[in-house]
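For the sequence shown, the residue numbers in the working numbering are 1033 to 1416.
Hints in this document: simulated from the structure, not taken from any laboratory. It should be emphasised that the depicted structure is a prediction, and the values quoted were computed from it without experimental measurement. Some hints here could point you the wrong way.
Stated by the list, open to error - Subject to a maximum C-alpha distance of 27 Å in a straight line, what follows is the list of computed DSSO-like cross-link-like pairs (lysine-lysine):
1) 1406 with 1066
2) 1406 with 1373
3) 1371 with 1339
4) 1230 with 1180
5) 1093 with 1066
6) 1095 with 1325
7) 1371 with 1325
8) 1406 with 1325
9) 1373 with 1339
10) 1182 with 1164
11) 1230 with 1182
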Amino acid sequence: MSLLANDKHHADHLTAIKQNGRYRQRVFTQIHDKFIHIDEHALINFSGNDYLGLSQHVEVKKKAQQAIEHYGVGSTSSAIVSGSHYLIEALEHDIAAFVGYPRALLFNSGYHANLAVMSLIGNNAQTVVADKLVHASILDGIALSGAKLKRYPHQNIDSLRTILKKHPEAKHVITEGVFSMDGDISPLARLANTGSTKLIVDDAHGFGVLGQSGRGVVSHAGLTFEDVPVMIVPCGKALGTMGALVCASEEFIELLLQTARSYIYSTALAIPVVAALNASLKLVMKGDYLRDKLFENIAFFNHYAQKLGLHVVSYDLTPIRSIIIGDNQQTQNIQGMIKDKGFYVSCIRPPTVPEHSARLRISLTALHDTGDIKALLDQLVRVL
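Can you build the whole structure from these sequences, using the hints too?
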């Protein structure tokens, strides 16, 4: 195909994306406290995942600044060459001890971590089973591994049992702790009791929020490492920074370190970010007051939304509230109307969510107050 023909193919593809109402545009922002600044307008931010407000915590920022002064900005090398700073070792040790796992390994992002884990468990054309709504990074990792993927309908344990009976060779079941688009909590205790398969949990939206002292959804379900041998903890949500930690057995982590291409062939995470992560983890450990505020906001949202007759996908006590609109363009229009009233919510469309389930996703944080939430819901009722 010639260069010009290739360009036309790309242009046609872009046109089709626009016609289907799926065209995405970046919004350039500045975030301060609970506000997001867009086009010189300060809006109350209900779109981010900074559930405990730690990305702006004074101690987290101070540790990052101190690390810049002491160590510079970049790690300058892969972790297996010379990029494994002692702060990384401290972080991995501390989080493993906190959640009760033998060992942890730091990756640059949740995407990197999931690629690594799925590539490891899915090699040699293994059969793996996953919830229908797991994150794209999990699906991509499974696809790259060459594994045979079987998916069960969302949260349907009976269907999962049927699949496992048909595929006794399957060794792993994969789920999210809190589902990122619906906000519902995975029934881990039931999933862990489905046979001899090993349960793997991506706890991006549960860690720091649920469980004893924020230990996450495994703790929330009353389970341990013995029940959930692999837990992935992305750090861009309640921890307020970036990166991801895989928590597992000594052998599993060592095998990741030796074989995971997304780990070996990436420059290690910047040391100021690691310093910030160490600080935010300590704040999570003693952050019951922040979780109390967050749960107060979630409970108020649930109560007032029900009072107003708004249909929310899940009323589980998590920070994610979704209202399905259905039509892509209508969802974008409603987002725009809410923005004009001083609030910024996420507009989520296919293929991120299933067809005809475009939605407004509202993310609650400890930075909000009940007045913010009431004002948002009052505006939503007017435009829906």
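Next item on the list: Could you check the structure against the hints above and give me the numbers of any it violates, in ascending order?
Entry: The structure breaks none of the hints.
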